[in-house]
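Engineer: These protein sequence lines are chains A and B, in that order.
Everything in the first sequence is counted per our numbering, starting at 1 for the first residue and increasing by one.
Everything in the second sequence is counted per our numbering, starting at 1 for the first residue and increasing by one.
Simulated from the structure, these hints should not be mistaken for laboratory data.
No residue lacks a Cβ here, since even glycine has one placed at the ideal position from N, Cα and C.
Don't take every hint at face value.
[Claimed, not checked] The list that follows gives simulated cross-link-like pairs (lysine-lysine, DSSO-like), each with its CA atoms no further than 27 angstroms apart:
(1) A:K77 <-> A:K13
(2) A:K76 <-> B:K389
(3) A:K69 <-> B:K389
(4) A:K69 <-> A:K57
(5) A:K13 <-> A:K69
(6) A:K61 <-> A:K17
(7) B:K389 <-> B:K463
(8) A:K13 <-> A:K61
(9) B:K272 <-> A:K77
(10) A:K61 <-> A:K76
(11) B:K272 <-> B:K3
(12) A:K13 <-> A:K57
(13) A:K17 <-> B:K376
(14) A:K211 <-> A:K69
(15) B:K389 <-> A:K61
(16) B:K2 <-> B:K272
(17) B:K376 <-> A:K13
(18) B:K376 <-> B:K488
(19) A:K174 <-> A:K76
(20) A:K77 <-> B:K389
(21) A:K77 <-> A:K174
(22) B:K376 <-> B:K389
(23) A:K61 <-> A:K77
(24) B:K376 <-> A:K76
[What the hints assert, rightly or not] Not close to chain B: a few residues of chain A, all C-beta gaps over 10 angstroms, as computed:
(25) K13
(26) T23
(27) L24
(28) G58
(29) K69
(30) K211
(31) G216
(32) M218
[Stated by the list, open to error] Cβ-Cβ distance ranges computed for the label pairs, FRET-style:
(33) B:P98 <-> A:P167: 54 to 64 angstroms
(34) A:G138 <-> B:L127: 51 to 61 angstroms
(35) A:N70 <-> B:M1: 56 to 66 angstroms
(36) B:W143 <-> A:D56: 47 to 57 angstroms
(37) A:Q238 <-> B:K3: 38 to 48 angstroms
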Amino acid sequence: MIELVSLTKSYNKGQIKAVDDLTLTVEPGEIFGFLGPNGAGKTTTIKMMVGVLAPDKGQVKIAGIDMAKNPLAAKKKLGYVPDNPDLYQRITGEEYLAFLGDVYEVPLEERQERIGRLAETFSLTAALPDPIGSYSHGMRQKLVVIGALLSDPEVLILDEPMVGLDPKSSHLLKEILREHARAGKIVFFSTHVLEVAERFCHRLGIINHGKLIALGTMEELQASYGGNLEEIFLEVTQ
Amino acid sequence: MKKTFALWRLYLRNNFSFRERGSKVHRWLLLLLLPSIIGFLTLFYQFFAGIYQALPSHQAPLGLLVAVLSANAIVLLFGLFYLLSAFFFAEDTERLLPLPLRPWEISGAKFLTILVNEYITLLPLLLPAFAAWWQFYPDPLFWLKGVLVFLFVPVIPLSAAGAIALVVMRFVNLPKGRDFWRVVGILISLLIAFAIQYLAMGVQRGITQEELLSHLLTPGGLVDLLGRNYPPALWAVRFLVQNDFLALVGFVLFSAAAAGLFLFFGQLLFFKGVVGGGEVSGGRRKAAARQRVRSVLGALLWREIALVVRNPVFLTNSLINLFLPPVILFFLWRSGTESLPAQVPFAYLELGAAGYIASLPVLSVLPSTAISREGKQFWLSRLIPVPPKLQLLSKLLASSLATFLGGVVGLVMLRALFPIPLEGLLLALFIGFWGSLGVGELALLVDGLWPNLEWTDPQKAMKGNLTGLYAMLLGGLYLGILAFLVVKLLGWGVEIRSVFLCLFVLFSFGNFAFGRLLGRQAPRVYWQER
Numbered sequence: 001m002i003e004l005v006s007l008t009k010s011y012n013k014g015q016i017k018a019v020d021d022l023t024l025t026v027e028p029g030e031i032f033g034f035l036g037p038n039g040a041g042k043t044t045t046i047k048m049m050v051g052v053l054a055p056d057k058g059q060v061k062i063a064g065i066d067m068a069k070n071p072l073a074a075k076k077k078l079g080y081v082p083d084n085p086d087l088y089q090r091i092t093g094e095e096y097l098a099f100l101g102d103v104y105e106v107p108l109e110e111r112q113e114r115i116g117r118l119a120e121t122f123s124l125t126a127a128l129p130d131p132i133g134s135y136s137h138g139m140r141q142k143l144v145v146i147g148a149l150l151s152d153p154e155v156l157i158l159d160e161p162m163v164g165l166d167p168k169s170s171h172l173l174k175e176i177l178r179e180h181a182r183a184g185k186i187v188f189f190s191t192h193v194l195e196v197a198e199r200f201c202h203r204l205g206i207i208n209h210g211k212l213i214a215l216g217t218m219e220e221l222q223a224s225y226g227g228n229l230e231e232i233f234l235e236v237t238q
Numbered sequence: 001m002k003k004t005f006a007l008w009r010l011y012l013r014n015n016f017s018f019r020e021r022g023s024k025v026h027r028w029l030l031l032l033l034l035p036s037i038i039g040f041l042t043l044f045y046q047f048f049a050g051i052y053q054a055l056p057s058h059q060a061p062l063g064l065l066v067a068v069l070s071a072n073a074i075v076l077l078f079g080l081f082y083l084l085s086a087f088f089f090a091e092d093t094e095r096l097l098p099l100p101l102r103p104w105e106i107s108g109a110k111f112l113t114i115l116v117n118e119y120i121t122l123l124p125l126l127l128p129a130f131a132a133w134w135q136f137y138p139d140p141l142f143w144l145k146g147v148l149v150f151l152f153v154p155v156i157p158l159s160a161a162g163a164i165a166l167v168v169m170r171f172v173n174l175p176k177g178r179d180f181w182r183v184v185g186i187l188i189s190l191l192i193a194f195a196i197q198y199l200a201m202g203v204q205r206g207i208t209q210e211e212l213l214s215h216l217l218t219p220g221g222l223v224d225l226l227g228r229n230y231p232p233a234l235w236a237v238r239f240l241v242q243n244d245f246l247a248l249v250g251f252v253l254f255s256a257a258a259a260g261l262f263l264f265f266g267q268l269l270f271f272k273g274v275v276g277g278g279e280v281s282g283g284r285r286k287a288a289a290r291q292r293v294r295s296v297l298g299a300l301l302w303r304e305i306a307l308v309v310r311n312p313v314f315l316t317n318s319l320i321n322l323f324l325p326p327v328i329l330f331f332l333w334r335s336g337t338e339s340l341p342a343q344v345p346f347a348y349l350e351l352g353a354a355g356y357i358a359s360l361p362v363l364s365v366l367p368s369t370a371i372s373r374e375g376k377q378f379w380l381s382r383l384i385p386v387p388p389k390l391q392l393l394s395k396l397l398a399s400s401l402a403t404f405l406g407g408v409v410g411l412v413m414l415r416a417l418f419p420i421p422l423e424g425l426l427l428a429l430f431i432g433f434w435g436s437l438g439v440g441e442l443a444l445l446v447d448g449l450w451p452n453l454e455w456t457d458p459q460k461a462m463k464g465n466l467t468g469l470y471a472m473l474l475g476g477l478y479l480g481i482l483a484f485l486v487v488k489l490l491g492w493g494v495e496i497r498s499v500f501l502c503l504f505v506l507f508s509f510g511n512f513a514f515g516r517l518l519g520r521q522a523p524r525v526y527w528q529e530r
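Chain A on its own, in the form it takes in the complex (with noise of 0.2 angstroms):
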């Protein structure tokens, strides 16, 4: 379970307020579409999940574990993909999804098992030998996917997971995170690109000047708002 509680955080001395009192909570085997415009604070409260920032008020806990008290047992429950990933240039990518599964004490078998699965659905295993510098956008983003499932993370977190990715490797994806959330674990993550949110989402949460604005299912949302979910956006972003 993902429990965020009065979560809070701001920038310039107080002045900018990036995420303002957020108290959500997502149910393993749920897959949450976290939405906002441009600055509003998804980047941040997903940070604040992971643990890179830290909050200046309230909680988050991973499956149970509070990141502030216990952040290592809180990470090791955690596979976080970010919008930008900046990945080491002269390692392969195998140097790097062997590093990540020594880190993460992933044992041999299963960590060969996936990442030969893994990288054959994302038609990644040729390029696995080769330096990461010489990978493309797409080809980055697809082994950040596969380093963060790499210990099959009870909390799978992803910040735009699909920038950059071409139709036929964002419908791998897809598949591979409602196989994931199929096992009863959670996928939470950001996007801009509404039609996904909309049919792949089991729950939505819309944030707006670092305020959860709106929070449901797609049915509840309609319930509430009516139309569809760019409708919806719109009508509560503005």
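Assemble the complex: chain A is given as a structure, and chain B must be docked to it using the hints.
Structural biologist: Only chain B this time, still in chain A's reference frame:
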């Protein structure tokens, strides 16, 4: 030229902006280090004042010439590194290539930016040399002439460094094994720069005693002798001392010609050295089969080593900082002395060697840039479920491995000069290495608290990183205090082996104290907001 200056302005704003985060801390650190800086300036001033005082007035310009020639040597070697990195390893180069800019405009803007850096580097050397001269030989126009000379001094060596970099990197830009060839290219460039330096300064070799005496007695003879192989330095000094405007014209024209030649090479070769080579090699293997399990510490250690060894800029910086000083010292000593003193106190040499090895972490700048070198990839270190202490330990171990290798090379060179017994060398290695741990911890702490993660040019993470300088000064202070204590102990007649024992105890205290401090700050290093 307009585009070059526009790009230059952009670089200057980017490089010297004080608005960036953490600059307040840097300003405070600089303020704290002000006494050391003033101390260095005073030392240089006294050195030059000593020369001017000791030499008769007709030979006194020798001091100015030494300053100008040294400035040239510094610019040639340091500038070469900066230019190589800025031209061929900076991320921005790739972004500039699609813009409607000509090769010489991009290389020219990068050249000008590094020229500004060189002015900052040369100021602590030339300012004391000029100030001391002005004190002994006051001249109302001297400072005006001084500024002119100062502005032109780095142009010729930097242009030469740029031309070397462009020519060599053009020919090592091979698609297969690109990074390897680039390391080779950097080393070849360095060898060429050394050869030029050797030729420029090498006039004294083979001179007879009679010739030397005749130069000594002729007014300005020594100056002519030393400046014979590099006339622009001589012209600069003549202009400063004798108001020789013809010499100024020669100096300026020569500088302009050198810069022009560099721009010509830039136009001809810059793109050819940069473009291409990013292709991946063929012969792909089955990936997943190559996985093998390492311990967490093993994986972190592997990462540390791989990130240094595979980056040509990081690798050459470390290699040169660690291995070059003892090698240079060895050859200088070998060529400079026919016979070594028969009764050399080996124990003192062992003590000195131990001190040198202990200082290697700050000289190599490996621990003092360990966090900075991760740059924008630091997010991964913050994300992985590994205790910060363990991550720092892996960095310390990696840099200690380099220190150990550097120490062994230094001791081999020392052994080649002096027949020191093996147990003495081992003792120096043990004590020095033990001391280096504390120095490494201190250096790692400095970089951990104020890392420079926002670089696009890898040289900015190493030579251009202030944490390296801060660690050097703090490490120097720590080792300086210990050296002072050692000298005192020796002065009190304490037996040398007991001094080694005291040093071991003192280093142990240092290691414990800095290790504890580092351990306490570890969560802040990895988890504080940046």
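Engineer: Taking the hints in turn, state whether each one holds.
Structural biologist: Checked hints:
1. Our distance criterion of 27 angstroms between C-alpha atoms is broken by A:K77 and A:K13, whose separation comes to about 32 angstroms.
2. For a cut-off of 27 angstroms, the pair hint linking A:K76 to B:K389 stands: about 17 angstroms separates their Cα positions.
3. A distance of roughly 17 angstroms separates the Cα atoms of A:K69 and B:K389; the hinted pair therefore holds under the 27 angstroms criterion.
4. Among the hinted pairs, A:K69 with A:K57 is consistent with the structure: their alpha-carbon atoms are about 14 angstroms apart, no more than 27 angstroms.
5. Between A:K13 and A:K69 the alpha-carbon distance is near 24 angstroms, which keeps this suggested pair within the 27 angstroms criterion.
6. Restraint check: the Cα-Cα separation between A:K61 and A:K17 comes to about 21 angstroms, which is no more than 27 angstroms; the hinted pair holds.
7. Of the supplied pair hints, the one linking B:K389 and B:K463 holds, its CA atoms being roughly 26 angstroms apart against a limit of 27 angstroms.
8. About 26 angstroms separates the Cα atoms of A:K13 and A:K61, which keeps this hinted pair within 27 angstroms; it holds.
9. At roughly 48 angstroms between alpha-carbon atoms, B:K272 and A:K77 are farther apart than 27 angstroms, so this suggested pair is violated.
10. For the suggested pair A:K61 and A:K76, the alpha carbons sit about 13 angstroms apart, so the restraint of at most 27 angstroms is met.
11. For the hint linking B:K272 to B:K3, the alpha-carbon distance of about 21 angstroms falls within 27 angstroms, and the restraint holds.
12. For the given pair, A:K13 sits about 14 angstroms from A:K57 by alpha-carbon distance, which is consistent with the 27 angstroms threshold.
13. Pair hint A:K17 plus B:K376 holds up; C-alpha atoms about 25 angstroms apart against a cutoff of 27 angstroms.
14. Pair hint A:K211 plus A:K69 holds up; C-alpha atoms about 25 angstroms apart against a cutoff of 27 angstroms.
15. With a C-alpha separation of about 23 angstroms, the suggested pairing of B:K389 with A:K61 holds against the 27 angstroms cut-off.
16. For the given pair, B:K2 sits about 23 angstroms from B:K272 by alpha-carbon distance, which is consistent with the 27 angstroms threshold.
17. Restraint check: the Cα-Cα separation between B:K376 and A:K13 comes to about 24 angstroms, which is no more than 27 angstroms; the hinted pair holds.
18. The hinted pair formed by B:K376 and B:K488 fails the criterion: a straight-line CA distance of about 47 angstroms is larger than 27 angstroms.
19. Between the alpha carbons of A:K174 and A:K76 the distance comes to roughly 23 angstroms, so the proposed pair stays at or under 27 angstroms and holds.
20. At most 27 angstroms may separate the alpha-carbon atoms for a hinted pair to count; A:K77 and B:K389 meet this at roughly 20 angstroms.
21. As the CA atoms of A:K77 and A:K174 are separated by approximately 21 angstroms, the hinted pair is consistent with the 27 angstroms bound.
22. For the suggested pair B:K376 and B:K389, the alpha carbons sit about 21 angstroms apart, so the restraint of at most 27 angstroms is met.
23. Proximity of A:K61 to A:K77 is assessed by CA-CA distance (about 11 angstroms); at most 27 angstroms being required, the pair is judged to hold.
24. Taking the CA atoms of B:K376 and A:K76, the gap is near 22 angstroms; set against the 27 angstroms cutoff, the hint holds.
25. Every CB of chain B lies more than 10 angstroms from the CB of A:K13, the least distance being 13 angstroms, so the non-interface label holds.
26. With a least CB separation of 22 angstroms from chain B, A:T23 remains clear of the 10 angstroms interface cut-off, as annotated.
27. In this structure A:L24 is separated from chain B by more than 10 angstroms, as the shortest Cβ-Cβ distance comes to about 21 angstroms.
28. Residue placement check: A:G58 keeps its beta carbon more than 10 angstroms from all beta carbons of chain B (closest about 15 angstroms).
29. Distance check for A:K69 against chain B: the nearest CB is about 12 angstroms away, which clears 10 angstroms, and the non-interface claim stands.
30. Once the 10 angstroms rule is applied to beta carbons, A:K211 is consistent with being away from chain B; the minimum gap is 22 angstroms.
31. Here A:G216 stays apart from chain B, with its beta-carbon at least about 30 angstroms from theirs, past the 10 angstroms limit.
32. Non-interface status of A:M218 relative to chain B is upheld: no Cβ of that chain comes within 10 angstroms, the nearest being about 31 angstroms off.
33. In this structure the supplied range 54 to 64 angstroms is violated for B:P98 paired with A:P167, their Cβ-Cβ distance being about 26 angstroms.
34. For the hinted restraint 51 to 61 angstroms between A:G138 and B:L127, the CB-CB distance of approximately 54 angstroms keeps it satisfied.
35. Roughly 60 angstroms separates the CB atoms of A:N70 and B:M1, a value that falls within the hinted 56 to 66 angstroms.
36. Here the CB-CB span from B:W143 to A:D56 is close to 54 angstroms, well matched to the stated 47 to 57 angstroms.
37. At about 43 angstroms, the CB distance of A:Q238 to B:K3 agrees with the hint of 38 to 48 angstroms.
Against the hints set out earlier in the document, violations occur for numbers 1, 9, 18, 33.
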